[in-house]
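When you get a sec, could you build the whole thing from the sequences and use the hints?
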Amino acid sequence: MAPRYQNRIELLQGTLDLLILQTLQWGPRHGYGISQAIRANSGEILQVDTGSLYPALHRLERQKWIAADWKLSENKQRVRVYRLTASGKKQLLSERSRWEQLSDGIAGVLSPARRGGQA
Amino acid sequence: MRFPWQRDRKQQELEQELQSHLQMAASERAERGESAERAQQAARREFGNVELVQQVTRDQWGWRWLEELMQDLRYGARMLRKNPGFTLVAVLTLALGIGANTAIFSLVNGILLRPLPYDQPDRLVQVTGFYPKGAFAAMRSQMQRMDVAAYVEGYEFNLTGNGIPVRLTATLVSADLFSVLGAPAETGRTFRPGEDLATQNNYVVLSHHLFQQRFASDPSVIGQWINLEGMQRQIVGVMPADFRFPSPQTDVWIPLDIDPRNTVSYWAGDFMPVIGRLHPGATLAQASAEIRLFQSQVFSLFPWPMPATWNAGVSVVSLRDGLVSDLRVRLLILLVAVALVLLIACANVANLSLSRAAVRGKEIALRVSLGAARSRVVRQLITESIVMSAVGGALGLTLAAGGLSLLKSMLPADTPRLSDVTLDWRVLLFAAALAILTGIISGTAPALHASRTELTEALKAGSRGTTHSASHALRRALVIGELGLAVLLVCGAGLLIQSLWALSHVDPGFRSENVLTARVTPNESFCNDPGRCFSFYRDLVRQVRVLPGVANAALINTLPLGGRVQKRSVNIENYVPASSAPEPLLWMNAVSPGYFQAMRIPLLRGREFAETDTSGNSRVAILSADTARRFFPAQDAVGRHIRLLGQKEWCAIIGVAADVRGYDLRQSVPQWMDGTLYLPYGPGASLEDGHVPAEMTLLIRSAGNQLQLEEGLRKLASSLNEDTPIAELKPMPLILSGATSAPRAVTSLFSAFAALALILGIVGIYGVISFFVGQRTREIGVRMALGAQHRDVLKLVIREGLSLTLIGVAVGLTAAFALTRFLGSLLYGVGATDPLNFAGVAVLFAVVALGACYVPARRAMRVDPIIALRYE
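Protein chains in written order, with the numbering used here: chain A, 439 to 557; chain B, -7 to 864.
Warning: the hint list may mix true and false statements.
Straight-line Cα separation of at most 25 Å, BS3-like style, residue types lysine-lysine; simulated pairs [said to hold, decoys possible]:
1) A:Lys502 to B:Lys2
2) B:Lys2 to A:Lys514
3) A:Lys502 to A:Lys528
Derived from the structure by calculation, the hints contain no laboratory data.
Structure (structure tokens):
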């Protein structure tokens, strides 16, 4: 069963990392909070699967782009809260610009006429 | 965060993290109005499989390999516990192999590998030649690349004055020896430059043990004067306990007496080994070049011509290699032998695992079919094998630790660096590496083989397991290989045993039975008045002859096989040395009348010395048969004359004695000597320094009761003056057997390994044939049902076993033909490819292998066709 999950992580890897980093730019959050924020900010379109989210969080942590601390939530629950590190901020910038290039490129491929017209 | 031991905590944290996720999701749903129970369920459903999420998250931690390793180790340990019989046999086999290797390696490590216990040991070197004091003094002043020091071992001095006189073993050293070795004194100082020159050298440095035992570790002895061999010497220092150069036997270090005016001692005294310390930046090659240049010039310094072969090919080697020169070959041969034993053990264990893999085929096939990668299965099986060899290694290390002292006691006591042999970290590392390597070697073939198992075939074959022809081919190859190695080792052992037998049955030229020897060791100065010396010894022999049980008694200065040599240059009548060659150099034996009779050395020509010959009025000599043949090839030596170099009188040769193996059992004199000369102990028997020998060995042939004789001798000794002690009572047969102690040690170790190899090889062939019979139970049943006789079954099994054995023997003999010549330097009286020995080994293996096959063959003959056919 494991391979199926792994495939999906790979499929989403670049984008999911970007979404997590972007979400944490607005402030530290725990895993559940991150998944809720992505869901809300995407207008309920993007639903992050926990089987992808937690591996991604632990991977980003290992790469030192995010850091985690144990904190108490509003309802006095111990939660693991992630925050963006300095190198994470740099990574976010570079991933954003790569994403913009990619989406420009894809948009160009999808609507060649409009691109040609502009040129 | 990456450390494995934090893994459990991290695992707990992950569980908590996911739990908090679930709770938050549920409580949010509850806030939206869902019932607590529904909210829990929905959150759980949305979350998915918690276990799986944990697992894929854990994979990100980068410890997957470790987790799998732990899993494999646990699984491996469980499998081994489940098969105690297999595990016991395999672990014991490996423990023997690894233990023997570890023990031999600890010898190699201590003697060949460990750095010498001196400052910057890699700068220490040895000059391969031997030099008299004059040549050494010249070398010391000329060398630019290194500082040199000379020493000579094995002198014995009487320490008198401080209580009971004792006999000390002294090493004479040049003053620079300690500074070259970089070894400071523990208390006091070592020698200063110049303190090895004549008249400036009345000093002594004590060893730690002498300081403790004789001087009660009292530091105030520094500066005191002691009487050594009649000469006053001042104690200047004490060396630390771990300073044992050149050997632990050294009690005191005494400066050389370098005196250019004493020409004989300066140019023809002891030829000493020379060690050195390279100057910073200098290399071995540079030092070698320098010493070769020196060697080419040193000839002109000698007051007489030196043979061109003297120190030919001299070079500079590292001191560590120089000290152990001829031991290296023996140790490496033993190491190779023991490594071959381990290889055989590996093959045996691999074979065992293969037969088990046949049983486990089903389990493995099932795992592969359930999605386990082949590489994963191989890794798991090899891990299992490593677990096994690790247990074997631990057991082997215990064996080695226990066997090491036994091993050390088997080696001759004068083995260099024996005290450096311990189980240190290098040995532990070696044992650990060996265990892992062994596991990989013995595990790889079975693992690769097992992972290739086909599911359908494995399941079809049912509980009997699989009958791969590939498996059988592999097992046959392994058994042939191990038999081949065992044959090689047994051939080698056979040759060594033959050599030892030949060596210990060499006729030494004298009869040692019932001969007791005792050294009489007065001070050197005792014979300053030779007359006193002669009358003392004459009286002593007379007194000994009347002791109860004494048949005969005589004296000699250098006992055959006693380890001491007395050289003397001579002129021989009508003999002219080849141009620029020196006068003949003979071994001079000073003997009392009756020596030849006491030792039962036959006189081939002429007569023995008589009492009247000792007066010195008429000079007489006896030659050994070899020497007579060499210098008087065409005529009778008796009646010819010989003269000690430097004396005026010629001695008449009155007899020719049979040859005696006096130097060692292989040769009567060392290579660099030309023959053996006997002179009557008297005024004519003077040494190079002009004195007559003071130290003599008493030889007593008893009529029977040795104990009674020893007691009488002790009584006699105690009645003597304290200046003339009698020491070292030793039966001559003991001295004779001591001459074979070094080859005996190597031979017995090598033979033990060969015996182990033979046993392992036989176990191997037994295992394969048993397996062969087990696999064919059904076929045999069918054959018997169809009318085959017991004899036919026997033939079937024996043919299989014998063909394997014969191929193995052929392989082994081929290897032996190619390799036994490396034993060359250890062999005596037997060729390296002795056909009788090789044929004997072949027959031995054939017979023993037949025996090993007979047990499974009988089992095959007892097969009941009905049961065999029903059994499925």
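So which of those numbered hints doesn't the model satisfy?
-> Of the numbered hints, all hold.
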